[in-house]
Structure formats: structure tokens, C-alpha cells
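Visitor: Sequence:
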Amino acid sequence: MGSDPASVAYDAVQSGLSQGVDHVIIDTAGRLHNKVNLMNELAKIKRVIQKSIPEAPHEVLLVLDGSTGQNAFEQARQFAQATEITALAITKLDGTAKGGVVWVFLTKCKSCQYIGVGEGMEDLQEFNPKEFVDSYFNLIICVLSFYCNDHLPVACTNHLQNIGSLMMKRRTSRQSDT
1 MGSDPASVAY
11 DAVQSGLSQG
21 VDHVIIDTAG
31 RLHNKVNLMN
41 ELAKIKRVIQ
51 KSIPEAPHEV
61 LLVLDGSTGQ
71 NAFEQARQFA
81 QATEITALAI
91 TKLDGTAKGG
101 VVWVFLTKCK
111 SCQYIGVGEG
121 MEDLQEFNPK
131 EFVDSYFNLI
141 ICVLSFYCND
151 HLPVACTNHL
161 QNIGSLMMKR
171 RTSRQSDT
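Residue numbers for the sequence shown follow our numbering, so the first one is 1 and each next one is one higher.
Hints are computed from structural coordinates only; laboratory data are not their basis.
One or more hints might be untrue.
In silico DSS-like cross-links for lysine-lysine, where the CA-CA straight-line distance does not exceed 25 angstroms [unchecked claim]: (1) LYS46 x LYS35; (2) LYS92 x LYS35; (3) LYS130 x LYS92.
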């Protein structure tokens with residue numbers, strides 16, 4: 001195996017084919033979207049594995065740091081120019097990030113397939129939009145309750161929960177229209 005990422009990917013695909021495996025996962029090193037040579041490397045990896053499997057890759061998962069903020073949208077746009085992204089995984093949602101980047105992707109583009117809420121394998125979870133919206137608005141309710149000395153009116157709490165439900169219904173109906 002060579003040290004060139006594309007040749008390593010090619011060797012992995014060849015090995016997988018010879019062993020009759022169903023899936024080969026190619027995990028590249030993290031890269032910044034403004035590093036042109038690293039972005040070109042992604043396109044090269046795709047070209048190289050298509051020599052063995054013309055319809056490959058079957059899935060391209062872009063992993064984004066949840067603390068990146070709104071810059072993540074630009075990062076995803078740049079990555080999509082190098083290779084087709086089929087889904088997203090957003091990590092570090094257990095830290096100080098409040099998931100704002102998830103909102104951008106829910107409203108503008110790709111689906112979020114996984115979220116990372118810790119550092120263990122079990123902390124990579126399938127993304128459930130309803131659970132995310134519920135927990136997001138519950139966080140807002142907790143913060144407001146804290147600052148209002150737990151005197152947040154029940155009507156206000158119900159209103160925030162209803163907003164979350166309406167947002168999910170709107171998102172679901174837009175997805176079914178496409």
C-alpha cells in the first residue's frame with residue numbers, strides 16, 4: 001500500500017472486492033474546505049475507486065464539527081464541489097454547540113444522518129429530527145425558566161413546544177414534496 005490517500009483507497013477497494021465484502025469504508029483525514037490541494041484529493045479518491053466500481057462511491061458522508069457554526073454551510077458547499085455528499089454527520093453536539101448548524105442543514109440542504117453527542121462509539125446516533133427539535137426547545141424552556149426563576153408561564157412553555165412541532169411538520173411536508 002502506498003502513502004497517497006487515493007492509492008490507499010484503491011488498494012482497500014481491491015482488497016474488499018477480492019474478499020467479497022459488501023462494504024468498504026474509506027475514512028479520509030480531516031481537511032479544511034479552503035485547502036485546494038486537499039479538496040482535489042477527494043475528487044481523485046473518487047476517480048480512483050471508480051476504476052474498480054464505476055458507480056462508486058455509494059455513500060459519501062460529510063462529518064462536520066457542530067461547533068463550527070454557520071461556516072459549516074460553506075464548508076459543505078465546497079466539499080460538494082469536490083465530491084457528491086449524500087448525507088451529513090454532525091459531531092460535538094454534547095459540548096457548548098447548541099446545534100445551530102443543524103438548523104441550517106434542515107432548512108437548506110442535505111439531510112443529517114448522524115449526530116455525535118460524545119466521544120464513544122455509542123455516542124454516534126442516528127439523527128431523529130423530532131427528537132432534535134424537542135430537545136432544542138426543551139433547552140430553551142430550561143434556560144428561560146432559569147432566568148425567570150422558574151416562573152415561566154405554562155402557556156409560554158406550550159407555545160414553544162408547538163412551534164417545534166410545527167417546524168417538524170413543515171420540514172416533513174417539504175421533504176415529501178421532493
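Visitor: Does each hint hold? Answer for all of them.
Guide: Verification of the supplied hints:
As the CA atoms of LYS46 and LYS35 are separated by approximately 18 angstroms, the hinted pair is consistent with the 25 angstroms bound. For a cut-off of 25 angstroms, the pair hint linking LYS92 to LYS35 stands: about 23 angstroms separates their Cα positions. Restraint check for LYS130 and LYS92: the C-alpha separation of about 19 angstroms stays at or below 25 angstroms, so the hint holds.
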